[in-house]
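Asks: Sequence:
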Amino acid sequence: MNILVVGMLNSIHLVRWVKQFKNFNNIKLYIYPLEPVIPHKDLRKNFLNLVNKEKNIKIIKLFPNIEINFFFSKILNTLTLGVFNLLFLYLTIKFIKFKFVHSLEISRSANLCLIIKKFLGNDFPKWIVTNWGSDIFFFYKNKFLKNNIKEIINLADYYSAECHRDYKLAKKINFKGNFLPCIPNSGGINLSLANKLRLVEKPSRRRIIVIKGYQDEIGQAINAILAVDKIVDKIQDFKIIIFSASPIIKDFCKKIRLSNKIQLEIIETNTALSQKEIYRLFSKSRIFIGISKSDGISTSMLEAIALGAFPIQSNTSCGNEWIRNNISGFLVPWDDIRIISNKILRAINNNILIEKSAKLNWIVIKKKGSDINIKKIAHTFYQQ
-16 MNILVVGMLN SIHLVRWVKQ FKNFNNIKLY IYPLEPVIPH KDLRKNFLNL
34 VNKEKNIKII KLFPNIEINF FFSKILNTLT LGVFNLLFLY LTIKFIKFKF
84 VHSLEISRSA NLCLIIKKFL GNDFPKWIVT NWGSDIFFFY KNKFLKNNIK
134 EIINLADYYS AECHRDYKLA KKINFKGNFL PCIPNSGGIN LSLANKLRLV
184 EKPSRRRIIV IKGYQDEIGQ AINAILAVDK IVDKIQDFKI IIFSASPIIK
234 DFCKKIRLSN KIQLEIIETN TALSQKEIYR LFSKSRIFIG ISKSDGISTS
284 MLEAIALGAF PIQSNTSCGN EWIRNNISGF LVPWDDIRII SNKILRAINN
334 NILIEKSAKL NWIVIKKKGS DINIKKIAHT FYQQ
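Quick note on the numbering used here: the sequence shown kicks off at -16 and runs consecutively.
Among these hints, one or two may not hold up.
Below, computed lysine-lysine pairings styled on DSS-like, alpha-carbon distance capped at 25 Å [claimed, not checked]:
hint : residue 1 : residue 2
1    : LYS238    : LYS213
2    : LYS77     : LYS41
3    : LYS276    : LYS124
4    : LYS5      : LYS155
5    : LYS350    : LYS5
6    : LYS154    : LYS351
7    : LYS358    : LYS38
8    : LYS124    : LYS154
9    : LYS80     : LYS2
10   : LYS339    : LYS358
11   : LYS151    : LYS350
12   : LYS179    : LYS233
13   : LYS185    : LYS57
14   : LYS57     : LYS82
15   : LYS259    : LYS237
16   : LYS179    : LYS222
17   : LYS217    : LYS244
18   : LYS82     : LYS38
19   : LYS151    : LYS129
20   : LYS217    : LYS267
21   : LYS155    : LYS101
22   : LYS155    : LYS276
23   : LYS77     : LYS38
24   : LYS358    : LYS24
25   : LYS233    : LYS276
26   : LYS185    : LYS351
27   : LYS276    : LYS129
28   : LYS57     : LYS77
29   : LYS276    : LYS11
Hints listed in this document are in silico derivations from the structure and should not be mistaken for laboratory results.
Sequences are here, hints too, so could you generate the full structure?
Replies: Take a look at the structure:
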């Protein structure tokens, strides 16, 4: 059975999704890159041999060599203003018989597939559309994107998301196909590794506050940093680590008191942490802070609560489907720095809250977040 996955070749979320199908003999999974990019390092290093014809996971490409393929694909796509990418996708779908085309993310991947779907009509394979984080919840409110998203949802045969919230929204947009199970888009938590690391140091004894560093149209790390800066005099014995930091974050931190008052470490986006490194970081952290205008579950939050870090997550995510507000975490407005600051102080000053939340969150992760169980559910996506 041939499956075509269309997505961002440099995305760790795509890597973790396709990794679940490694050596799964029932299917041959092809990845079509949304744009010419060098594949994520984990896609090449850990499990995907791009020249071994016996592997069941392939990348659609012009040339066997990745660097040459990237170079020429980028030139062709630039010269043709993106027409080459469309034509190559059309020919791929036309000449390889796929049972499913699976769009990982709506605003770009599904939008690209929509053009081919409208052109091929009934000759287009069964179409699975997977909602990533903010696809419907945030972008559907944009008047320039609304009609496209609506058309995609109306034409898709199958829909999946990691939030029950988004299934309700898809129904409102008049989705008529079949819903697939609600599971994390990037796979589950490695329970054996997480359990080993989370027990090394009690959460209440940890002295690290870790902040997700995305700052863009959706990510609002600066608000999290300002919230910490506001109370910096009260957290002198804590270290602040900002991971996956957008370029603007490093310069911003130089302009506020934080950098002079407290130990601060910034891990930029170009320093991609492995899953094991992320787990180790969270296993040493007392508090995890993730602030954004919109989100799905937030993979980082799931990893954080699995490792015993207390989550302070913006209430624009669907964190409420995993944590209990004021009991096993805090759900906060993304734009209220005062509230975020107050919640950080509460989490710092209440050891009982920290220990209780770690126990409650581990129970939830074991029940809903096991990578083994989620992998089994993911395999059912292509058995419809």
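Asks: Does each hint fit the structure? Answer for all of them.
Replies: Hints, verified against the model:
Proposed proximity of LYS238 and LYS213 is supported: the alpha carbons are some 13 Å apart, at most 25 Å. With a CA separation close to 17 Å, the supplied pair LYS77 and LYS41 stays within the 25 Å bound. Distance hint between LYS276 and LYS124 is fulfilled; the C-alpha atoms sit about 13 Å from each other, no more than 25 Å. Distance check on the hinted pair: LYS5 and LYS155 sit about 36 Å apart at the alpha-carbon level, beyond 25 Å; violated.
Between LYS350 and LYS5, the direct Cα distance comes to roughly 24 Å. Compliance with the 25 Å bound is thereby established for this hinted pair. Distance check on the hinted pair: LYS154 and LYS351 sit about 24 Å apart at the alpha-carbon level, within 25 Å; holds. For the hint pairing LYS358 with LYS38, the CA-to-CA distance comes to about 19 Å; that is within 25 Å, so the pair holds. Pair hint LYS124 plus LYS154 holds up; C-alpha atoms about 16 Å apart against a cutoff of 25 Å.
For the suggested pair LYS80 and LYS2, the alpha carbons sit about 22 Å apart, so the restraint of at most 25 Å is met. The hinted pair formed by LYS339 and LYS358 fails the criterion: a straight-line CA distance of about 29 Å is larger than 25 Å. Distance check on the hinted pair: LYS151 and LYS350 sit about 23 Å apart at the alpha-carbon level, within 25 Å; holds. About 33 Å separates the Cα atoms of LYS179 and LYS233, which puts this hinted pair outside 25 Å; it is violated.
A C-alpha spacing of about 49 Å is found between LYS185 and LYS57, which places the hinted pair above 25 Å, so the restraint is violated. For a cut-off of 25 Å, the pair hint linking LYS57 to LYS82 is broken: about 29 Å separates their Cα positions. Note on LYS259 and LYS237: the hinted pairing is violated, with a Cα-Cα distance of about 29 Å set against a maximum of 25 Å. The hinted pair formed by LYS179 and LYS222 meets the criterion: a straight-line CA distance of about 23 Å does not exceed 25 Å.
Annotation: proposed proximity of LYS217 to LYS244 holds, straight-line Cα distance about 10 Å (limit 25 Å). As the CA atoms of LYS82 and LYS38 are separated by approximately 19 Å, the hinted pair is consistent with the 25 Å bound. Note on LYS151 and LYS129: the hinted pairing holds, with a Cα-Cα distance of about 16 Å set against a maximum of 25 Å. For the hint linking LYS217 to LYS267, the alpha-carbon distance of about 20 Å falls within 25 Å, and the restraint holds.
Taken as a hint, the LYS155 and LYS101 pair is honoured in the structure, with Cα atoms around 23 Å apart against an allowance of 25 Å. Between LYS155 and LYS276 the CA atoms are separated by roughly 21 Å; this keeps the pair inside 25 Å, and the hint holds. Simply put, LYS77 and LYS38 have alpha-carbon atoms about 22 Å apart, close enough for the 25 Å limit, and the pair holds. For the given pair, LYS358 sits about 21 Å from LYS24 by alpha-carbon distance, which is consistent with the 25 Å threshold.
Between LYS233 and LYS276 the alpha-carbon distance is near 21 Å, which keeps this suggested pair within the 25 Å criterion. Straight-line distance between C-alpha atoms of LYS185 and LYS351 comes to about 23 Å, which keeps the hinted pair within the 25 Å bound. A C-alpha spacing of about 18 Å is found between LYS276 and LYS129, which places the hinted pair at or below 25 Å, so the restraint holds. Between LYS57 and LYS77, the direct Cα distance comes to roughly 22 Å. Compliance with the 25 Å bound is thereby established for this hinted pair.
For the hint linking LYS276 to LYS11, the alpha-carbon distance of about 37 Å lies beyond 25 Å, and the restraint is violated.
The earlier numbered hints that this structure contradicts are 4, 10, 12, 13, 14, 15, 29.
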